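If you're matching them up, the sequences are chains A and B in order. Take any residue in the first sequence, count from 1 to its spot, add 16: that is its number in this note's numbering. Take any residue in the second sequence, count from 1 to its spot, add 1: that is its number in this note's numbering.
Hints in this document: simulated from the structure, not taken from any laboratory. If you're wondering where the values come from, they're calculated on a predicted model, not measured in any experiment. Note that beta-carbon positions come from the ideal geometry of N, C-alpha and C, so glycine has one too. Take these hints with a grain of salt, some might be off.
No farther apart than 35 Å at their CA atoms in a straight line, the calculated lysine-lysine pairs in the DSBU-like style are these [claimed, not checked]:
#: 1; chain 1: B; residue 1: Lys-58; chain 2: A; residue 2: Lys-25
#: 2; chain 1: B; residue 1: Lys-246; chain 2: B; residue 2: Lys-112
#: 3; chain 1: B; residue 1: Lys-232; chain 2: A; residue 2: Lys-186
#: 4; chain 1: A; residue 1: Lys-186; chain 2: B; residue 2: Lys-246
#: 5; chain 1: B; residue 1: Lys-54; chain 2: A; residue 2: Lys-27
#: 6; chain 1: B; residue 1: Lys-282; chain 2: A; residue 2: Lys-193
#: 7; chain 1: B; residue 1: Lys-112; chain 2: B; residue 2: Lys-267
#: 8; chain 1: B; residue 1: Lys-275; chain 2: B; residue 2: Lys-239
#: 9; chain 1: B; residue 1: Lys-293; chain 2: A; residue 2: Lys-193
#: 10; chain 1: B; residue 1: Lys-293; chain 2: A; residue 2: Lys-217
#: 11; chain 1: B; residue 1: Lys-282; chain 2: A; residue 2: Lys-217
If you want the ones that stay clear, here's a sample from chain B, every Cβ over 10 Å from chain A, calculated [stated by the list, open to error]:
#: 12; residue: Thr-84
#: 13; residue: Val-86
#: 14; residue: Gln-117
#: 15; residue: Glu-272
#: 16; residue: Cys-278
#: 17; residue: Arg-280
#: 18; residue: Tyr-290
#: 19; residue: Gln-296
#: 20; residue: Gly-302
#: 21; residue: Ser-312
If you anchor each label on the Cβ, the simulated ranges turn out as follows [claimed, not checked]:
#: 22; chain 1: B; residue 1: Glu-272; chain 2: A; residue 2: Glu-220; range: 50 to 60 Å
#: 23; chain 1: A; residue 1: Leu-188; chain 2: B; residue 2: Asp-137; range: 44 to 54 Å
#: 24; chain 1: B; residue 1: Lys-112; chain 2: A; residue 2: Glu-129; range: 37 to 47 Å
#: 25; chain 1: B; residue 1: Ser-85; chain 2: A; residue 2: Glu-202; range: 37 to 47 Å
#: 26; chain 1: A; residue 1: Arg-242; chain 2: B; residue 2: Ala-256; range: 21 to 31 Å
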Amino acid sequence: MVEIGSVEKNKAGERFFFNSGGKNLYGNLHYAAAPSRKFGWVFCDPFAEEKLWAQRILFNLARRFAGHGFPVIRFDYMGHGDSEGIFTDTSLASRIENILSAIAVMRERGEVEHIGLFGLRLGAALALKALQREASAEAVILWAPALNITDYIYDCLRSNLTTQMVVHQKVLETRDKLVRRMVAGETVNIDGYELPGILYKEGEALNREGLVPERPCKSFVLDIVRRQRPFGPDLQKFQEQWETRGGEIQVSQSVFDPFWTELRNYYPSAPELNEKTVAFAENLTG
Amino acid sequence: MITEMPVSFTNGNGQILTGILHVPGEGPGRHTGISILNPGIKNRVAPNRLNVKLARKLCSLGYPILRFDPEGVGESGGELPRTSVQNIWGIIQQGHFIGDILASNRFFRNKTGIQQILLAGICGGAISALLASEQDDNISGLILIDVPVFLEGERDYAATIVPGRYADMVFMQYAYKFFILSAWRRFLTLQTDYRALARAFWVKLGGTGLASKTPAKSGDKKISGLPFNEKFIPAYQKFVDGQGKVLFVLAENDASTAYFENLFAKDFLSEENKAGCERLKINNANHIYALKEWQKQLMNGVCDWVTTHFSG
Numbered sequence: 017m018v019e020i021g022s023v024e025k026n027k028a029g030e031r032f033f034f035n036s037g038g039k040n041l042y043g044n045l046h047y048a049a050a051p052s053r054k055f056g057w058v059f060c061d062p063f064a065e066e067k068l069w070a071q072r073i074l075f076n077l078a079r080r081f082a083g084h085g086f087p088v089i090r091f092d093y094m095g096h097g098d099s100e101g102i103f104t105d106t107s108l109a110s111r112i113e114n115i116l117s118a119i120a121v122m123r124e125r126g127e128v129e130h131i132g133l134f135g136l137r138l139g140a141a142l143a144l145k146a147l148q149r150e151a152s153a154e155a156v157i158l159w160a161p162a163l164n165i166t167d168y169i170y171d172c173l174r175s176n177l178t179t180q181m182v183v184h185q186k187v188l189e190t191r192d193k194l195v196r197r198m199v200a201g202e203t204v205n206i207d208g209y210e211l212p213g214i215l216y217k218e219g220e221a222l223n224r225e226g227l228v229p230e231r232p233c234k235s236f237v238l239d240i241v242r243r244q245r246p247f248g249p250d251l252q253k254f255q256e257q258w259e260t261r262g263g264e265i266q267v268s269q270s271v272f273d274p275f276w277t278e279l280r281n282y283y284p285s286a287p288e289l290n291e292k293t294v295a296f297a298e299n300l301t302g
Numbered sequence: 002m003i004t005e006m007p008v009s010f011t012n013g014n015g016q017i018l019t020g021i022l023h024v025p026g027e028g029p030g031r032h033t034g035i036s037i038l039n040p041g042i043k044n045r046v047a048p049n050r051l052n053v054k055l056a057r058k059l060c061s062l063g064y065p066i067l068r069f070d071p072e073g074v075g076e077s078g079g080e081l082p083r084t085s086v087q088n089i090w091g092i093i094q095q096g097h098f099i100g101d102i103l104a105s106n107r108f109f110r111n112k113t114g115i116q117q118i119l120l121a122g123i124c125g126g127a128i129s130a131l132l133a134s135e136q137d138d139n140i141s142g143l144i145l146i147d148v149p150v151f152l153e154g155e156r157d158y159a160a161t162i163v164p165g166r167y168a169d170m171v172f173m174q175y176a177y178k179f180f181i182l183s184a185w186r187r188f189l190t191l192q193t194d195y196r197a198l199a200r201a202f203w204v205k206l207g208g209t210g211l212a213s214k215t216p217a218k219s220g221d222k223k224i225s226g227l228p229f230n231e232k233f234i235p236a237y238q239k240f241v242d243g244q245g246k247v248l249f250v251l252a253e254n255d256a257s258t259a260y261f262e263n264l265f266a267k268d269f270l271s272e273e274n275k276a277g278c279e280r281l282k283i284n285n286a287n288h289i290y291a292l293k294e295w296q297k298q299l300m301n302g303v304c305d306w307v308t309t310h311f312s313g
């Protein structure tokens, strides 16, 4: 158990630990520039090493939001970043619980009247699941959302295969074998993170349940691609379901490197992505 | 019980740098603090939370720990230039973060009352630690994990060509692979490091005559213009001459290990002149110590070294 230290404040915001399910999570509240729009955004980070690669761009997006009058809370899920806990003990459910706690912190500390959720990659899927439980959230922004969770886990497993190649010069355990191990409740190592087996079963369940809430709110989806292309089938289906259930959805595409992975170039921010996203948020508040 | 708290301080450029201070609870009351530096462009958490795990383990042994983001990284103010990652590694390897480390050391001492500091870091954090040690006499020990002895960056291609000894090794490796089917498959499916291959052949075939020799002894200046980081040896020599202690941790499968062993350790860590230095090599490990057993060896090795040499 880690004891919660003091809150650290400066003119840009405050950094602190807050409780979620008995664990202390690290949070960073970015203050809104005056006048505040009273519309707070809760950032739902991506998964494992993607979170680290994407961090600076999301940090600068948060600063951009704050500069336009939106308070933002960024936080580390249990077992991630500076938060308490061990990665192996986490699950998709624990992350959704953490998002709900962060929403409560935003309401308590952010002086807001409205809440929106922002998510990148798996964080986008988690934001959608949190929406199903926190119906008072009024908008959601999804960047490069992982809309098929088991496919996303398959992608993650590639890194395990790469490590096997480095260590053994061949693949000893195929992807299917790794999946079987996860189904049996074992952990699988991805870039140094021990993925708990429960993630796979949870991913299958989320795929069955679907990610679109019963009463969808206003949403903005940004498809981030290396080269322009038609929207993928998962995204098209998602858009149809959202509209069928009466929700407003804007889907846009931007050409940009996948900054949540290791790249040849360093990007401290993503101006076009920020521009479109902040414009959507501003339209919400008039 | 350990307390972890967000902290911030200002660097010489007036930027606010943010970090986490780990304060041990009841215990021996150490006078030594350990600052664990961020690796290159990644933040204070480090790949797969290595810095967090190491900080919590060392703090449980009674050592105050500081982890912070330098300017332009993580949650700190300022920005790194928008350029290639290699170029940023290059400026870090030349000491870009030294000023921030010195500022963090002052903050760490003032905040906790510690009398001596150990600097630890992986990769970019390791070279930053070594270079910063030249400018702060209160640094008593260095934990350098996969420290790069070379300079990266997309400057003049000739200036980044691999040194002769390493080129020999790479050349032999590829010559051997000539007979291996899977190597050809990798070559044809774009999985080969063509750049390293081209450089090795370039040097072997005579290139521009820039195939280098490793500095033969301390103070040898014949290394400028080559990828060997010319700041490395003076900083190292000054530190060990001042009775500083160094732990080098090496991942066997990390590319920097071959450079380290061929360009530095062979001449500078021989039996007769390795006073104050220890080397821990972790078999099979990759650059991020992905597997649990590698992480365990890393953590245990570092903790044993720290408690042996800095018990106060």
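Evaluated hints:
1. B:Lys-58 to A:Lys-25: Holds, because 27 Å separates the two Cα atoms, which is no more than 35 Å.
2. B:Lys-246 to B:Lys-112: With a Cα-Cα distance of about 24 Å, the restraint between Lys-246 of chain B and Lys-112 of chain B holds, given a limit of 35 Å.
3. B:Lys-232 to A:Lys-186: violated (39 Å)
4. A:Lys-186 to B:Lys-246: Violated, because 39 Å separates the two Cα atoms, which is more than 35 Å.
5. B:Lys-54 to A:Lys-27: Given pair Lys-54 of chain B, Lys-27 of chain A holds - Cα atoms ~30 Å apart, limit 35 Å.
6. B:Lys-282 to A:Lys-193: holds (31 Å)
7. B:Lys-112 to B:Lys-267: Not satisfied, since the Cα-Cα distance of roughly 41 Å exceeds 35 Å.
8. B:Lys-275 to B:Lys-239: Holds, at roughly 14 Å.
9. B:Lys-293 to A:Lys-193: holds (19 Å)
10. B:Lys-293 to A:Lys-217: Holds, because 23 Å separates the two Cα atoms, which is no more than 35 Å.
11. B:Lys-282 to A:Lys-217: violated (38 Å)
12. Thr-84: Given a closest Cβ separation of 6 Å, the condition is violated.
13. Val-86: violated (5 Å)
14. Gln-117: Check passes; 23 Å lies beyond 10 Å.
15. Glu-272: holds (31 Å)
16. Cys-278: holds (27 Å)
17. Arg-280: Fine: 21 Å to the nearest Cβ keeps Arg-280 of chain B off the interface.
18. Tyr-290: Per Cβ check, Tyr-290 of chain B is inside 10 Å of chain A; nearest 6 Å; violated.
19. Gln-296: Given a closest Cβ separation of 7 Å, the condition is violated.
20. Gly-302: Non-interface label on Gly-302 of chain B holds, nearest chain A Cβ at 17 Å vs cutoff 10 Å.
21. Ser-312: holds (25 Å)
22. B:Glu-272 to A:Glu-220: 50 to 60 Å: The hinted range 50 to 60 Å holds for Glu-272 of chain B and Glu-220 of chain A, with Cβ atoms some 58 Å apart.
23. A:Leu-188 to B:Asp-137: 44 to 54 Å: holds (47 Å)
24. B:Lys-112 to A:Glu-129: 37 to 47 Å: With Cβ atoms ~38 Å apart, the hint holds.
25. B:Ser-85 to A:Glu-202: 37 to 47 Å: holds (39 Å)
26. A:Arg-242 to B:Ala-256: 21 to 31 Å: holds (26 Å)
Checked against the numbered hints given earlier, this structure breaks hints 3, 4, 7, 11, 12, 13, 18, 19; the rest are met.
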